[in-house]
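Protein chains: 4
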Amino acid sequence: MKRNRYVRLDKRASRAHGAAMITARFFSDNAAPVHPAVMEAIAAADHVDTAYDGDALSQALGTAFSDLFETRCSVLWLPTGTAANSIALAAFAAPWQAVLCHEEAHIEVDECGAPAMFTGGAKLILLPGPGAKIDAATIDARMAAIRKDVHQVQPAAVSITNASEYGLAWRPDEVGAVGEAARRHGLKLHMDGARFANAVAHVGCAPADVTWRAGVDALSFGCIKNGGMNAEALLFFGDVPQGMHQLRKRSGHLQSKGRYLAAQLHAMLAGELWLANARAANAAAALIAASAGERLLHPVEANEIFLRLSPAEAAALRAKGFDFYDWGDGAARLVTSWHHGADDVRPLADAIAAL
Amino acid sequence: MKRNRYVRLDKRASRAHGAAMITARFFSDNAAPVHPAVMEAIAAADHVDTAYDGDALSQALGTAFSDLFETRCSVLWLPTGTAANSIALAAFAAPWQAVLCHEEAHIEVDECGAPAMFTGGAKLILLPGPGAKIDAATIDARMAAIRKDVHQVQPAAVSITNASEYGLAWRPDEVGAVGEAARRHGLKLHMDGARFANAVAHVGCAPADVTWRAGVDALSFGCIKNGGMNAEALLFFGDVPQGMHQLRKRSGHLQSKGRYLAAQLHAMLAGELWLANARAANAAAALIAASAGERLLHPVEANEIFLRLSPAEAAALRAKGFDFYDWGDGAARLVTSWHHGADDVRPLADAIAAL
Amino acid sequence: MKRNRYVRLDKRASRAHGAAMITARFFSDNAAPVHPAVMEAIAAADHVDTAYDGDALSQALGTAFSDLFETRCSVLWLPTGTAANSIALAAFAAPWQAVLCHEEAHIEVDECGAPAMFTGGAKLILLPGPGAKIDAATIDARMAAIRKDVHQVQPAAVSITNASEYGLAWRPDEVGAVGEAARRHGLKLHMDGARFANAVAHVGCAPADVTWRAGVDALSFGCIKNGGMNAEALLFFGDVPQGMHQLRKRSGHLQSKGRYLAAQLHAMLAGELWLANARAANAAAALIAASAGERLLHPVEANEIFLRLSPAEAAALRAKGFDFYDWGDGAARLVTSWHHGADDVRPLADAIAAL
Amino acid sequence: MKRNRYVRLDKRASRAHGAAMITARFFSDNAAPVHPAVMEAIAAADHVDTAYDGDALSQALGTAFSDLFETRCSVLWLPTGTAANSIALAAFAAPWQAVLCHEEAHIEVDECGAPAMFTGGAKLILLPGPGAKIDAATIDARMAAIRKDVHQVQPAAVSITNASEYGLAWRPDEVGAVGEAARRHGLKLHMDGARFANAVAHVGCAPADVTWRAGVDALSFGCIKNGGMNAEALLFFGDVPQGMHQLRKRSGHLQSKGRYLAAQLHAMLAGELWLANARAANAAAALIAASAGERLLHPVEANEIFLRLSPAEAAALRAKGFDFYDWGDGAARLVTSWHHGADDVRPLADAIAAL
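Protein chains in written order, with my numbering: chain X, 34 to 388; chain D, 34 to 388; chain H, 34 to 388; chain S, 34 to 388.
The hints are simulated quantities; they were obtained by calculation from the structure and are not laboratory data.
Be careful, since some hints might not be right.
[To be verified] Pairs of lysine-lysine, DSBU-like flavour, derived with a Cα cap of 30 Å: (1) D/Lys353 to S/Lys181; (2) H/Lys181 to X/Lys353; (3) D/Lys181 to S/Lys353.
[Stated by the list, open to error] Pulled a few chain S residues facing chain X out of the computed Cβ check, cut under 7 Å: (4) Trp129; (5) Gly153; (6) Arg180; (7) Val183; (8) Pro274; (9) His278; (10) Arg283.
Ideal Cβ positions, reconstructed from N, Cα and C, are used throughout, including at glycine.
Throw the hints in and build the complete structure from the sequences for me.
As structure tokens, then:
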């Protein structure tokens, strides 16, 4: 199988730089190397072509994603999820408007205020919800509490994260309910899909079912955590909204050799590599989760595992060489990635089981 | 010689995609492929490491550039010159301040207002000057014309481009004179060095001589037009100014797999590849220039050639397959790059001579 | 007594336009007319003088407020509390930073995002607290939860409102505890004093005790709700921070005939009119509160009364001609002002008692 | 005549503060006092009413200006021309767009970058033109020079000043030609009318002829320099564009006691006070101009006089107590206002004639 070959190749390369790292580092899927198919695609793009996004690869992105999503998409490549999220939000919210999102959403807690910079100061209005998901009732309640006057910032959009910040995958009907609430209040719906592949792989739905068919207007389609190097795709279901090509340029994100980003995205779509990589990461996470039992703080539906872990236990795991983030008091987050095979994660699973 | 081998390898690759392109496309150095040494460096960086800029390669950038510039530098990798320029200007100018630059500076005419977005609305005050250079007298005169009150926007910085937008290389004493003028008026000095390598290769000075020794506070050190893929270096001579790490993040430019950008920059510095590439591009430009005689609108001191060219002549060249930009009425811009050898540019030179 | 005379005069004027309004309208202290002494001061300022804030009245503001606050103050007149608050916050927080405030603070819920516009996108981080007050423990806990990295927005300031949005007056020791917490975390402290006069009148402290002596760095000193026309004072305890004169101009707030705003502020300070007006409003509120008994949702320490009031009861009061805001379900807000005497509010007090 | 009485009253008041000021101060029309009718209107508005712009006076502004302009207008009161201009430009230009204006336009040289703050960073593209006017040919040429791509900032609006910064009044056909050019290029047209009254009084046309009938979409209708205190009117010919009510609030310009601003505007329109005041100022300027002969740098068509004046001559005038601005080397600007009668300006006229 193609994916396996790549994984094997990559592991060989990684071993040259220290094989132990594969089995030890679980602090982020960003730590993983680039998938070999992505590397090959970059190399294959390495020839003379037009600058910016006029090249053949960039021009073909719309068609490629339209095929995958079974509807006409407009696509901007971008180097980070932060840039993709921010341009999506700027497309929907004016400076004097707001975006509803979960209080632990990446756009709120991990982007140093990027949405405010790109929108010109729009507010994020924070909603609670278990597992970092929000629902229609919460949206309705919040909208009802906002006076429709010029003194209060009026929401223009909702943003949800799939998989959520706690690794939960959204089902089509869940998104649909939020999408209906958004339409009810005249709001656009953005999905931060930094781990969209992991969520779709878990749910097993068509990408369309959990996005535009459920009311999503724009999707940050993540690739970097899933084996890409430095390309994410921002999808608009329909046209690129007015001004957003300019905002990409104006924010310094229109790369002159954009073909190397487009190539990565095509590589991810080719042969469903994006799903294959996500399935590998999910499987690795599931194997660790199986060892964690009662320690699990959230169901594991993607490639993130949130564990109850005392400081002493965390120290014990780290003493064995495992690397991960603390997640508040007495908890930890571990993340697997496309290049983790069963053999790579078993030592960690065993160590957790042995605590 | 190492550089030659890379050039040879690259040409082979390019030929697979249409050899004619090398000899035909002169509209931008961004059209060129990535230098093989850069590609190799990217591949060599492809292993597990810490995310963002905590990795070994990113951490080593300060030292690498400090060696090259003979002083302590702080370095941020960024994917575009627009981002590098904009963060540099934001470091120096508050929203209510201004930056003096040439009226044809890239930051004014080719960045879709990025400096205004990053600075929060600082003004670019445009100065005239032959060859897209500005001088101390022009700065003095402009500063004298600005009332020192709260109604007028007060300049905080000067930005110059080296090589200039018309392909002129700055000599150390020229920069020094501007640097003194800047200091005289309490202004910081930024150099947009998208083609810094070409300028330094032409002048033959030490990088330090034409930058900090001449009063430059920050340099956008260009790599992409010079054989890089998607990494530029923003250098501050001293510390990264307060808030600029945050602004990089907030503008969506802190890439999670930054090691692949750092790798490119190290590759450019290793064995002085940056200078070798620039010399190749300059030589190719010189060969074309030699055929252009009276048509030259500016001395050719880097890798850009500006020609007097009637619409009919431009059409004639294009009919032969050559690709380039018109530059206003009756003029054209042609750009060579690191991968142009003498054989690659001779057809163009001959075609110009034959007009 | 001087105040009484003015009140009498004003009532006469008001009666010409419908005497019933005085006794009926409790929706906002902004509904009140301008105090006659303020009107006289405006008329007295009506002569030829220098434009902007170079006139004698504007120039004397620093001294006048320095006397009142027993320390050197720098003062900017501004036409709204929103402008005053926003410039204060912009003085302290960079675009990539944050301000801690109560989740119901005026800057969060009633200024249409003005702080984001003036700061260039700084975030408001919302804290809970009874009576719309925040305390040191809440600040400490929130600061502890913020990772000190580039991904998370770092707070730079705290903003509190005195009297609070629920009409509670801050005691010097309460402010002092917040001030110490702010200093502990390297944060500046801003006080939104739209109803500062009412709070100080209630507590009976020196203005200095509840501001700079307790750690406050900037104060929005409200006058408009307290009998002014369109002038508020933004006080910095020390110098006007760099750039804030420019921000006032740049936001369209440097009025060309600023002497008419300065005159209002001087009138408020003269003979302690600001305290006299506040005492009148507070007394009127106390009289209403005394009739409300168990209905009171918060202690009445300024000129706002928050009542438990069913929709039917609210309708009954409105049927009698009283005007006020609903405040969520089953609650109402009533506000008195400087021009309410005991006779003016008794009908309302009686009507509440009779419910 | 009503105006005379007010002038007389005002002079009496002014004399109390130093009669010499009337005849001596020509540095700005902002130095003038408020017209007594405006003061009376403010006093008459001094009663209980709804806050912000829900009051009767604010609500009546649309009708009042619609009558004057013979078409439906939407009106926002604002305290400064800078705020009015900036909101108008923000209504028309996105952050990544531009506004064409004269290189000496007030929005460029005298507002500390306010248009950039309100638009979120839109660029002002500066055009030359005698007397601080721009024409259709200049607009056409500039538009032709802008590449229609994402790298260059695309204009969205044109802004002209009437009277111009050199005191020239626009004729309807002149505005019409610019209006046609704007429409040809898809641009909106804004008129900064800080001295609109003076220009209309000079030309003698209907206000409609020189605004919407000639293609103007928004007008900053100045009152403060013409006898107002702190109210300007921003007129949109049609509806207030989406978001602009919010931007007024968000920029701190929605005053809670807006009725005092609305009252000023009504007073200016009542009995054509705005024209009467402008005629008085124009007449005073004409009298001075008549004494200046060859010294005049521009025709005097409003209330500004630009003179050739050597430093020695300027010093001589100042020695006699006259106050005015230098306007570059060897030139001076003198401004008259509504309260200058013939007797008030004759000493200056004589002094100039005697140079």
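Quiz item: Going by Cβ atoms only, is S/Arg283 closer than 7 Å to chain X?
Solution: 5 Å, holds
Quiz item: Given the hinted pair D/Lys353 and S/Lys181, is their alpha-carbon gap at most 30 Å?
Solution: Holds - the C-alpha atoms of S/Lys181 and D/Lys353 are around 27 Å apart, at most 30 Å.
Quiz item: Quick one, is the S/Trp129 hint okay against chain X at 7 Å, beta carbons?
Solution: It holds, given that the least Cβ distance between S/Trp129 and chain X is near 4 Å, below 7 Å.
Practice problem: Mind checking the alpha carbons of D/Lys181 and S/Lys353 for me, to see if they're no more than 30 Å apart? | Solution: Measuring from Cα to Cα gives roughly 27 Å; hence the hint holds.
Exercise. Mind checking the CB of S/Pro274 against every CB in chain X and telling me if the closest is under 7 Å?
Key: 11 Å, violated
Quiz item: Can the restraint linking H/Lys181 and X/Lys353 be considered satisfied, given a maximum Cα separation of 30 Å?
Solution: Holds, at about 27 Å.
Quiz prompt | Minimum beta-carbon distance criterion (7 Å), S/Arg180 to chain X | solution = Result: violated, 13 Å to nearest chain X Cβ.
Exercise. Double-check S/Gly153 for me: the hint is only fine if its C-beta lies closer than 7 Å to a C-beta in chain X.
Key: Constraint on S/Gly153 satisfied, holds at 4 Å.
Quiz prompt | Restraint check, 7 Å cut-off on beta carbons, for S/His278 near chain X | solution = Hint on S/His278: holds, closest Cβ of chain X at ~5 Å, below 7 Å.
Quiz item: Given S/Val183 as an interface hint, is the shortest Cβ-Cβ distance to chain X below 7 Å?
Solution: 5 Å, holds
In summary, the numbered hints that this structure violates are 6, 8.
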